[in-house]
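Guided by the hints, dock chains B, C and D onto chain A, whose structure is given.
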Amino acid sequence: MDLSLNETQLLIKEMTGDFVRNDCDKDTLLDLDLLPAPMTDDLWRKIAELGWMGMMIPEEYGGTGNSYTDVAVLYEELGRGPVPGPMFASGVLSASIILEAGTASQKKDWLPELATGTRVFVTAITEAQYGWTERHVQMIAVAKGSDYNLSGVKLFVQDAANATDLLVAARVDGEVALFRIDAKASGISIRPLDGFISGTTEIIFDNVAVSGADRLNGGWDAFERAAQPAIPILCAYKAGACGAIFDLSVEYSRERQQFGQPIGRFQRVQDHIIHIVNYLDSARWTTYEALWKLDAGMDAAPCVHTAKVVSSDSYLRACDFGHEVHAGIGVVREYGLTLHTKMSRTLFHHLGAPTHHRKALERALNLIPA
Amino acid sequence: MDLSLNETQLLIKEMTGDFVRNDCDKDTLLDLDLLPAPMTDDLWRKIAELGWMGMMIPEEYGGTGNSYTDVAVLYEELGRGPVPGPMFASGVLSASIILEAGTASQKKDWLPELATGTRVFVTAITEAQYGWTERHVQMIAVAKGSDYNLSGVKLFVQDAANATDLLVAARVDGEVALFRIDAKASGISIRPLDGFISGTTEIIFDNVAVSGADRLNGGWDAFERAAQPAIPILCAYKAGACGAIFDLSVEYSRERQQFGQPIGRFQRVQDHIIHIVNYLDSARWTTYEALWKLDAGMDAAPCVHTAKVVSSDSYLRACDFGHEVHAGIGVVREYGLTLHTKMSRTLFHHLGAPTHHRKALERALNLIPA
Amino acid sequence: MDFASEDNEEQAAFREVVREWMQTKIPDGMEHTVDTGDLTLEQYQLRRELGRRLGAQGWLYPTMPKKYGGGELPVENVVILHEEIGRAGFSIPPYYDAGGRMAAPTILVWGSEEHKDRFLPPICKGLVRTWQLLTEPGAGSDLAGVKTIARRDGDDYVLNGQKVYVGSSHGADFSWTVVVTDPDAKRHENLSWFMIPMDLPGITVTPLDLLTAGGEGGTGSGVKNTVFFDDVRVPAENLVGGENNGWKVATTHLEVEHGGAGRFGDRAIINEFIEFCKESHNGHAIVDSQESREKIVDLYIESQVTRLFAMRNYWMAYTDQPRSYEGSQYSLRRKLSGLDISEKMFDIVGPYALIKDEKWAPLKNALELFQREGITALHPGATTDIQRVIMARRIGIGRREVEKAGKIR
Amino acid sequence: MDFASEDNEEQAAFREVVREWMQTKIPDGMEHTVDTGDLTLEQYQLRRELGRRLGAQGWLYPTMPKKYGGGELPVENVVILHEEIGRAGFSIPPYYDAGGRMAAPTILVWGSEEHKDRFLPPICKGLVRTWQLLTEPGAGSDLAGVKTIARRDGDDYVLNGQKVYVGSSHGADFSWTVVVTDPDAKRHENLSWFMIPMDLPGITVTPLDLLTAGGEGGTGSGVKNTVFFDDVRVPAENLVGGENNGWKVATTHLEVEHGGAGRFGDRAIINEFIEFCKESHNGHAIVDSQESREKIVDLYIESQVTRLFAMRNYWMAYTDQPRSYEGSQYSLRRKLSGLDISEKMFDIVGPYALIKDEKWAPLKNALELFQREGITALHPGATTDIQRVIMARRIGIGRREVEKAGKIR
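Residue numbers (our numbering), protein chains in the order written: chain A, 1 to 370; chain B, 1 to 370; chain C, 1 to 409; chain D, 1 to 409.
Chain A extracted, bound-state conformation (with noise of 0.2 Å):
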């Protein structure tokens, strides 16, 4: 037994730790957050340059290869910011789908190139009828030869507006199917979505052409085994958001005064923290225990839904209580700390929302029949 992080992983967190405080200050982050595609070229160089979009991948294919708890100490400290961008789409979702999912050629063609942060993969999956079970992948592609042609809507796709690739899920006679598809390509339109979310698009096929060549190899199952790793990379990527409401709530009790004293020395502030730092190590002890099953090649199953419906949960409720310790200045967008209450939601439904995984729980216990 041996809860530590290794050399390397120590060696990621602070590297990464300095990029977001360097990189992606506060003030970076808020131009970010009013951008359409929450991605500027030159920051995204830079991140190509770090190595990290290939973390994921083996070194055949131009990556380091590097576990997935390696990753996920990466996310980990990006969620601190919380750093926006197609990372995690990318560098996570899209290459672990393409290394299940493809075909010899097409990891070749593509995984270097993605490594590099050259090209930007971005996965479609969810619809209008939301939701990540195979039955809400309702689009249609329409086999012409040995191309296919599709047309429909996905809906709520993280990051596609900073894509050059996307994959897409539709289904050929009846099963789901999965295909590369040019982000500008003819009849794609990608639009980002206003509101309480952060880089979220709608993205409509207009008669779309796609080559026979590009459709993968693996269909829902490949897509389901390539997310057991992707999503707690992604919660990590929750579980340092809530460090980082920690550590703002704690410096905020110590520094505003009220009443004549620290703020943090009422119990009822305190057990606001109290509850974010329960929030936090909640989310980070399920997240770390299902990457070691994963990289143990164990069963992980019972232990990603834990951990996502965990994190989902965590960060959400600990940007409420960050927002019990703040009260007005927390809700004034300069401050900083709606960054995090936008990006809790927004990622509260990700790859599957707490239902979703409670669902697949009662499956992974057998409490039902597989």
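Hints were generated in silico from the structure; no laboratory data involved. Note that the structure is predicted; figures quoted are calculated from it, not measured. A couple of the hints might just be wrong.
[As the list claims (entries may be wrong)] Using 30 Å as the maximum straight-line C-alpha spacing, the simulated DSSO-like pairs for lysine-lysine come out as follows:
(1) K359(D) / K184(B)
(2) K278(C) / K186(C)
(3) K407(C) / K66(C)
(4) K359(C) / K184(A)
(5) K407(D) / K344(D)
(6) K147(C) / K67(C)
(7) K295(C) / K359(A)
(8) K147(D) / K344(C)
(9) K295(D) / K186(D)
(10) K278(D) / K359(B)
(11) K359(A) / K295(D)
(12) K295(C) / K364(D)
[Said to hold, decoys possible] Computed footprint of chain D on chain A; a stretch qualifies when at least three of its residues, placed anywhere within it, have a C-beta under 8 Å from a C-beta of chain D:
(13) 68-78
(14) 256-269
(15) 353-367
[What the hints assert, rightly or not] Selected chain A positions facing chain C (Cβ under 8 Å, derived; list incomplete):
(16) T133
(17) R135
(18) S189
(19) G195
(20) I204
(21) D206
(22) V331
(23) R333
Every residue gets a Cβ at the ideal spot worked out from N, C-alpha and C, and that includes glycine.
For chains B, C and D alone, coordinates are given in the frame of chain A:
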């Protein structure tokens, strides 16, 4: 709009309050708690003389025909004890069932003696497959000419150890019917259940002969109609109990000193008590709105279900927070708080747990076809 | 008990009058904007027009005395008025007006006859709109710690300082506030309460972006402002309740703000949401799923208790029942259940609850606003922590002396 | 990270040794009593026998140094030991023994060599059983406010006072406590820590009925006692850690009691309960109902977080990681999730969870006990409020100085 108690109700409240304070002080209640059937002849005689058993019963059958709200005010005060015993079982639930389901001659024969407390009726519905919907009644009454024969087990029957008469639900040709049976009839054995529970019994029916004249007119529907007003009266008992826990906790918060000051000066202790008063008022107002609708002859279903969900939860949780306030002394039997803790658990499922009434609310709110 | 009278003959007649009135008197073009804090100028002006029309009837502030422009209606008729306006999708007042909701009862309790005659009729008739100025950067929960100062100079007081989280969009005619008039006096004995015309020289209003600016930099809801006072000369006759008596004066509007006056009726969004969940969209209704039904039931129960606390307080206030912790209890519950219900809605409808979008957003963006309001409503009018402080004092937790509720009429 | 090593060759061998040992060394007739605080005398004696047999191997307190009768095992082997004994349905120690769990680390940190040599071996070998005496009627959360007094008289200290909520059934050989040795000194500088033989003249033990006496007056769980000291002469050599240094000494066992040492493995009842819900009874299984499945999942998730906090603390303690708020965080969570899980179980199985009954009670009355323990476990070893006080100080909420965790090895 008038949310005050009327003069009759204020009188009932005062008289019952006096009774609880004088005749059911803590020592008396602690003694009653050790009895297999938590009621004494002496106490029952006093209760009967006060006319409480006749309040639900129209004057023509020897009662006083009070409104449901009047009766609830009585039970709210009894809940403050909490005073145990078969008052609710006989004077409310069984009385209501006889009024709904009894024949004219049954009403004439039974209600006057029920109203004077000479006979104690207890209703036995639930069985080993515990629940409060029609399908949970599985016991079978075998017709023998115009009479019947019952065998089986009724489980978790509240206050049957004090009964003279049982009202028993059993199936005749697949339909639920209701029977009156002498509690001392041959073949019946009533056994109090031990544990974190109060006044709850197992009743075994071993080939019990029942006269056809003791079969009531109505069946399951009549029971459900009869339960409608009984439920919020039970809720009023729970609201009263929350009130007693509130008073006890506030008083303790003033008296108990730690760290050189009354513990109630600590915000955490205050917050426990604020939870209690919120539970108290939630239970109380949902209950009285339901009673008002019932007395006014309006559709009360959503209110009745809401009241039962809220008051079952409230009593349970008010006890929990009462224990947070009291810590060690609260779990010492002699202090008396645990009488409530036990009663809050005992009554949680009686006439349907929150889950049962939430499901009923789904129908009452037309979320699913009736 | 009687939780909502059937109309008697007189009340039924009044209801008819209100209904008829509304047929002709609601200005053409008034929209059911979900975010009433962030109206377009045109919509704001239409709502002010409705306010003036209501005011002319005494219906804008129907519980206020007739002699000051109110309606002096009995509680049953006030309820009817709220119900009927509510049925049309609006509320009374139809725009943010801290003057009528909170300053009017305060002036009624603490003002001189001259104050009442001067300030109340324009408020009750809807001729002016008024903002509340309380919080400062250093004085939030600790309201008595305000630093804005008023120095007596001849017939005026000269004000300097800064107030934050003020008002909504489109300005105000008056504001009211507590400021320090005796810097050397003890806490709670150093403040005075003023009505201030907003057109006085030296007042600057700058907008404050709250949660959350939209994707294109557009402002979101909860448009608030910062108000600066630089040597603003306020006539001494605008001091209400006596010099250095401001904290006592404030107990009245704080009591109202803390929920002491209650509210009648449900949050409209609860029922709209439940109906939305029943509707079929592409052959699916949200209520088809058992998990969703369970959550809708939870949300319904949560909302009912809040409604009942609000109604109880309404009844207590307008029938002069003795009040204690009930105002803050309701305010606390409204805040926490607002957040809780918003999160249950989010859980049920998913990311749809987060978007402002003509094509996809349910209930005309009302859910997105409600998500943000779940957060932004936590602190105004005292945080949840302060509401608990007040409850504890009024109940007498840990102390035998019990704090009294503020007088509100 | 590595949350539970696979056994290496050496560890696998150790596991085998433990398994074989248990085949012959668990005394015949030992029952899996659900309420280990309320054993029959016979069962208690059998468990003491098992304790002595474990102690002879160094396995009763396997992390203690060998020279004092412990096992000095590496953390992996300790885990194996707990797992294997747990698999047989028992725990280490197999009876209530505050001497080994809390006094032994305290003496190890604060005792003289003579103390260690005298007190630790009998504890580690299971020859004696020890109670903890801390709470007094007037000193619960405020432990430093104890009034029991020890007056120096020659080679003895003479003790007078009363301690409550002590031990379980069947007595003890030793007790340990903090008492006032300097009534005039400042708070926290007036206390001393003693090991006290329970057979000294002047000690009286009377039982205390806790939640909840059964229907026939039989005692329920959580059998506790009141201990009175009347002029009890305790030899001065039994004072550990120096006169008036008792509060510092107490930081060690308080840290252990507040969860600082963690725990390895699940609450057994969680898995037993889930299996019970899957079983078919008269053709029905609890998991047939979707509502029940949802609640089981909630309960499972709740339990996993508690398990992980416990495991993290275990790892931190036995690998000497720097610790802060984690002990109290786990203790707080264990208390609150214990109550929460007990109520979820109650919700799922209904009144069956409340009864002690040979015929009807599920899991041999374990659920009934767990219902009561949900309540009775809220306060021992510091209330939830005090756990939060400690967390706030260790985190430094509202203050820059951060309190250090107590040393536990």
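Status of the hints after comparison with the structure:
{"no.": "1", "hint": "K359(D) / K184(B)", "in the structure": "holds, 23 Å"}
{"no.": "2", "hint": "K278(C) / K186(C)", "in the structure": "violated, 59 Å"}
{"no.": "3", "hint": "K407(C) / K66(C)", "in the structure": "holds, 20 Å"}
{"no.": "4", "hint": "K359(C) / K184(A)", "in the structure": "holds, 23 Å"}
{"no.": "5", "hint": "K407(D) / K344(D)", "in the structure": "violated, 36 Å"}
{"no.": "6", "hint": "K147(C) / K67(C)", "in the structure": "violated, 37 Å"}
{"no.": "7", "hint": "K295(C) / K359(A)", "in the structure": "holds, 15 Å"}
{"no.": "8", "hint": "K147(D) / K344(C)", "in the structure": "violated, 51 Å"}
{"no.": "9", "hint": "K295(D) / K186(D)", "in the structure": "violated, 51 Å"}
{"no.": "10", "hint": "K278(D) / K359(B)", "in the structure": "holds, 22 Å"}
{"no.": "11", "hint": "K359(A) / K295(D)", "in the structure": "holds, 11 Å"}
{"no.": "12", "hint": "K295(C) / K364(D)", "in the structure": "violated, 35 Å"}
{"no.": "13", "hint": "68-78", "in the structure": "violated (count 1)"}
{"no.": "14", "hint": "256-269", "in the structure": "holds (count 8)"}
{"no.": "15", "hint": "353-367", "in the structure": "holds (count 6)"}
{"no.": "16", "hint": "T133", "in the structure": "violated, 12 Å"}
{"no.": "17", "hint": "R135", "in the structure": "violated, 11 Å"}
{"no.": "18", "hint": "S189", "in the structure": "violated, 13 Å"}
{"no.": "19", "hint": "G195", "in the structure": "holds, 4 Å"}
{"no.": "20", "hint": "I204", "in the structure": "violated, 10 Å"}
{"no.": "21", "hint": "D206", "in the structure": "violated, 15 Å"}
{"no.": "22", "hint": "V331", "in the structure": "holds, 4 Å"}
{"no.": "23", "hint": "R333", "in the structure": "holds, 4 Å"}
Against the hints set out earlier in the document, violations occur for numbers 2, 5, 6, 8, 9, 12, 13, 16, 17, 18, 20, 21.
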